[in-house]
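Colleague: Each chain, written out:
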Amino acid sequence: MCDCNCHEKYYEDTLIPKVGVITAITQETPDVKTFCVNAPEGGKLFEHMPGQCAMLCAPGISEAMFSITSSPTNKEYQEFSIKKCGQLTDYLHSLKVGDQITVRGPYGNNFPVDTELKGKNLLFIAGGIGLAPLRSVINYVIDNRSDYGTVDILYGSRSADDLVKLKEIEEVWKNVEGVNVHLTIDREQEGWDGHVGFVPAYLKELNFSTDKTALLCGPPIMIKFCLEALLELGFSKEQVYTTFELRMKCGVGKCGRCNIGSKYVCKDGPVFRFDEIDELPSEY
Amino acid sequence: MKKIAKSDLSKLFAAIAEGSELYLPVKVAGQTNFAPYTADAEVDVDTLKTVKSAKDIFFPQSENLYTCKTDEEKNISITPEALQNENFVVYGMRGCDAKGMEVLDKVFLSEPVDSFYAARRAHGTVVAAACGEPEETCFCKVFGVDCAEPVADVVTWTVGDTVYWNAYTEKGEALTAKLADLLSDADEKAVEDEKAKIRAIVEKLPYSDLSLDKFGAGKTMELFDSPIWEELYKPCLACGTCTFVCPTCQCYDIKDYNTGKGVQRFRCWDSCMYSDFTMMAHGNNRTSQMQRFRQRFMHKLVYFPDNNDGMYSCVGCGRCLERCPASLNIVKVVKAFQEGAGK
Amino acid sequence: MQELVNRAKALLADGTVARVLGWKAGEFAYDPEPAFFETEEDLKDFVYDGFCGANLSKYMIEASKLEGKTLVFLKPCDSYSFNQLTKEHRVDREKAYIIGVGCKGKVDVKHIKEAGIKGIESIVGADYPNPAETLEIKTLYGDKTISYKDAMLERCHVCKGKDHVVFDEQIGESADTVDAERFAEVEKIEAMSPEEKFAFFRAELSKCIRCNACRNVCPACSCRKCVFDSTKFDSAQKANTTSFEEKMFHIIRAFHVAGRCTDCGECSRVCPQGIPLHLFNRKFIKDINTFYGDYQAGEDIEAQAPLTDFTFEDREPGQFAERG
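Chains as they are written, first to last, in this note's numbering: chain A, 1 to 284; chain B, 1 to 343; chain C, 1 to 324.
I should point out that these hints are in silico values taken from the structure, not numbers from a laboratory.
Yeah, the Cβ is synthetic: ideal placement off N, Cα and C, and Gly gets one too.
Hints may contain errors.
Unchecked claim - Quick list of in silico lysine to any residue cross-link-like pairs, SDA-like style, CA-CA up to 20 Å:
{"id": "1", "chain 1": "B", "residue 1": "Lys-234", "chain 2": "C", "residue 2": "Glu-62"}
{"id": "2", "chain 1": "A", "residue 1": "Lys-18", "chain 2": "B", "residue 2": "Tyr-257"}
{"id": "3", "chain 1": "C", "residue 1": "Lys-144", "chain 2": "B", "residue 2": "Thr-47"}
{"id": "4", "chain 1": "B", "residue 1": "Lys-197", "chain 2": "C", "residue 2": "Leu-140"}
{"id": "5", "chain 1": "C", "residue 1": "Lys-283", "chain 2": "C", "residue 2": "Glu-185"}
{"id": "6", "chain 1": "A", "residue 1": "Lys-267", "chain 2": "B", "residue 2": "Ala-217"}
{"id": "7", "chain 1": "B", "residue 1": "Lys-335", "chain 2": "B", "residue 2": "Ala-174"}
{"id": "8", "chain 1": "C", "residue 1": "Lys-113", "chain 2": "B", "residue 2": "Glu-133"}
{"id": "9", "chain 1": "B", "residue 1": "Lys-204", "chain 2": "C", "residue 2": "Glu-62"}
{"id": "10", "chain 1": "B", "residue 1": "Lys-74", "chain 2": "A", "residue 2": "Tyr-91"}
{"id": "11", "chain 1": "B", "residue 1": "Lys-219", "chain 2": "A", "residue 2": "Ser-282"}
{"id": "12", "chain 1": "B", "residue 1": "Lys-27", "chain 2": "C", "residue 2": "Phe-198"}
{"id": "13", "chain 1": "A", "residue 1": "Lys-18", "chain 2": "B", "residue 2": "Ala-177"}
Unchecked claim - Now the in silico label distances, taken between C-beta atoms and shown as ranges:
{"id": "14", "chain 1": "A", "residue 1": "Asp-275", "chain 2": "C", "residue 2": "Lys-247", "range": "49 to 57 Å"}
{"id": "15", "chain 1": "B", "residue 1": "Gly-310", "chain 2": "C", "residue 2": "Ala-203", "range": "39 to 47 Å"}
{"id": "16", "chain 1": "B", "residue 1": "Thr-287", "chain 2": "A", "residue 2": "Gly-194", "range": "51 to 59 Å"}
{"id": "17", "chain 1": "B", "residue 1": "Asp-71", "chain 2": "C", "residue 2": "Thr-290", "range": "49 to 57 Å"}
{"id": "18", "chain 1": "A", "residue 1": "Glu-238", "chain 2": "C", "residue 2": "Lys-247", "range": "53 to 61 Å"}
{"id": "19", "chain 1": "B", "residue 1": "Thr-169", "chain 2": "A", "residue 2": "Glu-116", "range": "39 to 47 Å"}
{"id": "20", "chain 1": "B", "residue 1": "Thr-287", "chain 2": "C", "residue 2": "His-89", "range": "49 to 57 Å"}
{"id": "21", "chain 1": "A", "residue 1": "Ser-209", "chain 2": "B", "residue 2": "Asp-71", "range": "57 to 65 Å"}
To be verified - Here are some chain B residues the structure puts well away from chain C; computed CB gaps all over 12 Å:
{"id": "22", "residue": "Lys-74"}
{"id": "23", "residue": "Pro-80"}
{"id": "24", "residue": "Leu-179"}
{"id": "25", "residue": "Gly-218"}
{"id": "26", "residue": "Gln-291"}
{"id": "27", "residue": "Asp-306"}
{"id": "28", "residue": "Gly-310"}
Just need the whole structure built from these sequences, with the hints factored in.
Modeller: This is how it looks when you write it as structure tokens:
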């Protein structure tokens, strides 16, 4: 054995996960569940910033990157809202409170809540499960309410049953001063008296003033049309942020698969401003 | 400067191997690759290019990261794999492969440091060999490699029946000191002549002066949508030969292997040429072989320089020129863009 | 060679074909690259010589999906692969215009380098249609020679015949190149003790780097999704920390192409680690010949293949087990 100190960093290696315990599960929609995750000894596994992601793994099944949907201001646990859509997510949906998974992270950059977004009027635009990363920012903003201007939340889903975190939206967000919530669903539905129509159309209808910074997340097609709508309303690309998702493995920009041009989504992203995206090749 | 008779190299290897693990080019079933030294190994230090580069000594094709066990109460425990903790020596690495380590360092030693790689780097002493007879497929000069005097802890030159030995670093000095009984003092003359001879041959190699001015940092938008890619990729069979013999390709996959007693998390070399490289539950952002082919060369010639102060992630070893089943290679790509610009 | 170019030009000009699958020059004297040509102008880069050894049949799978016919130049042995692919409905015969090119053996730079010749600057003597008996090689380290035969691909030494089994027209003469017994190597391995066999295959297969070149070049490996690419199995591609997987990969692959492999030798040609992969396939061919009568995959497009046919004379599994 030698007397080097390379083993000191050993357990810190970013590829070595921590064990996480699922401490609560909420069925949000027919195919979305929100999982609370704690360290086995209690408390949070790590600190993170809004927009960051973590690798969740069911050993032997698979591992994938998920955005952390809880706000850093939540001092008790981290939350992940996960849609059932593949091998790993099927498995995660089968888990019960008390079950363990492995978690590594946090990875990536974050929405610039403490810098560029500070003092700004904010417009959140989310579709379906795309609310997950934005919810972290929304709750951060609500918990630091005086640091930000007005808040508008435009959230849409296929149906009323597919709106994630509806309880929190109705009971918390709608009651915060200076926060306006605009919900919409794709098609008419019995019992729904709110707005009906796609998010981009509703966005134009609402005719937001351009004194806002927009944060956008949802299916790629929604992002495309929402960006067009925002530009039509007079927003500039410098005013619009989004978050990307590509195949990721390492989380630290080394394994080489999540790049768009010379940017790694796991490390340089997942949050990008649209004027930055313009400088990247269209391979996403 | 030290020296040893070529016929005494086996003694030298035995002496090195006594104190630490020694990796060197070994011929197995007709092919030479880096392998641990054993007394009955068929050592082959004359082959210019091992099939695989020396990179897998530091970044193995496959390595365990940790083992995950789940007990009866469904509690998970994680046991990380031990890091390299013994000193070892690599003998016979060529200048291009040594430069390849510099490229890998940029990836694995940048924050957050990859401790598995870092431990191997910290414990490895590299004895490089100057290339007495460079081949036509070599173009290391393009990437600033001087195969007459590689950058390593120790460099050796073979001149006739004599192997000259010169240490350049503390690690190299330490190894030299351990081998003092076998190495005798030598003057520089023969080595200086050999260097001059090698450099003169390098000047005659067909691609030593390949121009890279179409590539480099900041060229993404200029090159990405070029129609040249559509022409170039066609013969590509989508195998991973080029990536696996390459000293700088560092993309890896992380996978689980169920041993029955637990889950072994391992990482292994991956290839951007493979169709599942970027596939995920809801789609794939590179669906065609053209896109995958483009990724490999854009990464080496544009993206890597973008992120690493202009350093290319090619060292001109020429292995892809020798091994591609369809005669595709990085020289062809570079030339196509250089010429395409003139059309 | 000009004859090939002239025919290609004519067939492009009269609209018979939409493109030409042939060869263009590589970076050196010895590495021509399979290439598609779409215009007469493109054809100025067309080359054809003794180094054009790769089997172009596999490229016809993709070419079959394109609009219009593709002119392809096939050597006699390539035509077996094409036939087999047609039989398996992987290529569309109607989408191909085949010019069968005469063959006097193909050479590979691998064998030149194995002979210790390095720093190659130029090679003279590999011309089509009449290669020289000796290749004259200018190198950075002096002039060298090697006989054409010594530089030939393994498959040419045991050539299965110089007749094209499918073609639209033929160009050029062929010459017999056989100077070895096709199953000699297999017999050598058969004669080994189990321990020797195991040691032989372990040494060879331990070199495998799972680059998949053998699979991807193989005309019999035409599955749209290979089982080794499936993420649903533990067999999912790439290297594992146990070497067992590599062995399994090659053995499963050999079983999967058994009875369909035409013995084109591409697997061994492309293996970066020089593993004689063709020996697996040739062992199967030898056994098929022994048990079911001589059969050459790709020879006859209509014939029922022995492994997909049932007769009452078929050997019982027990007989194989007894034989070991």
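Colleague: Which of the numbered hints are not met once you compare them with the structure shown?
Modeller: 7, 9, 13, 16 and 20
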